[in-house]
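S.K.: Listed below are the residues making up each chain.
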Amino acid sequence: MARTLAMFTDVSLCIGCRACQVACKQWNQLAPEEPEWTGTYQNHAHFTDKSYRLVRFFEETDDKGQIKQWHMMSDVCKHCAQAGCLEACPTGAIYRTEFGTVNINQDICNGCRYCVSACPFGVVSFNRDTGTATKCTFCNDRIHNGLGPACAKACPTQSIRFGFRDDLAGVAEKRVEELRKHGYKDAQLYGADPKGDLGGLNAFFLLLGKPALYGLPEKPKLPQRNVLVDSLLSIGSALVVGLGALVAFRGRGGRGDA
Amino acid sequence: MEPGLLKSADWPVLIDLYFFLGGIAGGAFVIATIANLLGHERYRDIVRVGYYIAFLAVIPGPIILTVDLGLPTRFLHMLMVAKPSLEIGRDAVTVGPFHLKPFSPMNAGAWALLAFSACAFLAALDVFLEHRGGRSMRTFRGVVGVIGTFFGFFLAAYPGVLIGATARPLFVSAHWLGALFLAVGASTGGAAIALILSVLGATRREALSRLMRFTAFALVVQLAALALFILSVSTAGSAGIARALAQLITGPYGLPFWLGAVVVGILVPLALHLGGVTRKAAPAMTVLVSVLILVGGFVVKYVIIAAGQAT
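Protein chains in written order, with the working numbering: chain A, 1 to 258; chain B, 1001 to 1311.
It should be emphasised that the hints constitute simulated quantities derived from the structure, not laboratory data.
Hints should not be assumed to be uniformly reliable.
Stretch-level coverage of chain A by chain B, calculated; a stretch enters the list once three of its residues show a Cβ under 8 Å from a Cβ in chain B [said to hold, decoys possible]: (1) 82–89; (2) 126–140; (3) 221–231.
Glycine included, every Cβ here is placed at the ideal spot set by N, Cα and C.
Pulled out of the complex, with its shape left as it was, chain A reads as follows (with noise of 0.2 Å):
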């Protein structure tokens, strides 16, 4: 396997212009979709089968209900080292580049939608005009010829940077220590430690507070560490019910038989 690439969204660096959306709509050749009125500059609200890219807009209030701060990130596809979507898929259509990102095939997909679902940030979207799910590469044709992700090359401010994720990661370090020694208290990495939940994030993320303030969950879960005690419980619901019926069909019959 190659190094794993990965993307590091610094949100302290957006300035939510949104370029990192177009360039991915224009790439991707990605549909035109009809806005909606999110109550922010953001569009859409989620991510759709036309959006893999999403700047999301948040205020910030104290306890008065005053606006603080304006926060913005650009949201992308996770490409989780330990993936909800890619354990889901019952085709085999999700699957592991040698760099580390998760893919769906469109030529395999068959629009079960069961990814859909399992995808612990809401990011794969079903589209309907392919019957297949779809979601964020990285740009897999791109960076399979050097040139990166087109939402990391349009970024303006370098909010958005693209290389390997080693790199990356201390890169990120260093910026978090810079901000906080320049009052951003709540300055964090999310998703960077591979150590961390999901076996880390390949885009991972520098927010300005907690996950929940850019509705992120706290601590991303697998939905699959689900099924092995599921599956146990059930072979021991099917060991009660079978003994059940063994109990209830023991025994001589002629009782009342007609």
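Model the placement of chain B on the given structure of chain A, informed by the hints.
M.R.: Relative to chain A, chain B alone:
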């Protein structure tokens, strides 16, 4: 988990119907096999009707699942693809074009459905031939029965494990769903056999009474698994999960859950059974009890999945 960010697969009610019928098929097969094992002659009607139900109830399954796909022509991809990818998940096994993913309940379930369908067909064929005056192939039926029992339990339980392995707030910390679905399969399978036998009026009273005793036992397991499921969700501790649970037990799904799944589906049939109705009263009462169990069995699967998809 912040449910606002998560997405739902938006499976239609047709999928619930498949889960319901698959449970009946699995449950009826298991009952028929065990009855056959303990009294080939005595439970002849239960065995015959059980295997017929198992076969008939499983037939719509693959059709429903195929129709629901975004690309129905690719239904075989559940089991095989011409050129499989390399890294497709934990402990995945690829043999030629075939793949088995033990941690993808949908993939494992597709294999189980295939294997069970074969067993259900062979068992139904065997009882059919015997009924038409042929010789019963005892050993053959026994082997098919044992293999089919494994896959029958699997078929009944796996949808619960499947929805339990999603990121939906109601399911992400939940356990016991597989056990619950298995018990529902057993109770609805038993109820389906009892319903047919009571309507036909063709069986021995004693055999039917034993069937109802087992069905009542399955209802108790079902109630226990349901309680444990709710308990596992309620102790998860996150605000998003608590909201999702509230949808199920007090929100828009509260009425169908309590009235349909618990009272009509479990408590009333159990009370009627314990009151001796299914042993002493007219067959019409057994019909009533069976219908209540079947309605409750569908409702419990439907409300859990609907509430899970909605929040």
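S.K.: Under a C-beta cut-off of less than 8 Å, do 3 or more residues of the region 126–140 of chain A approach chain B closely enough to confirm the stated coverage?
M.R.: Holds: 7 residues of the region 126–140 of chain A have a Cβ under 8 Å from chain B.
S.K.: Would you say the region 82–89 of chain A counts as covered by chain B, given the rule of at least 3 residues with C-beta under 8 Å?
M.R.: n = 5 at 8 Å, threshold three: holds.
S.K.: Okay, the region 221–231 of chain A and chain B, do three or more residues pass the C-beta test at under 8 Å?
M.R.: With 8 residues closer than 8 Å to chain B, the region 221–231 of chain A meets the three-residue bar; holds.
Of the numbered hints listed earlier, not one is contradicted by the structure.
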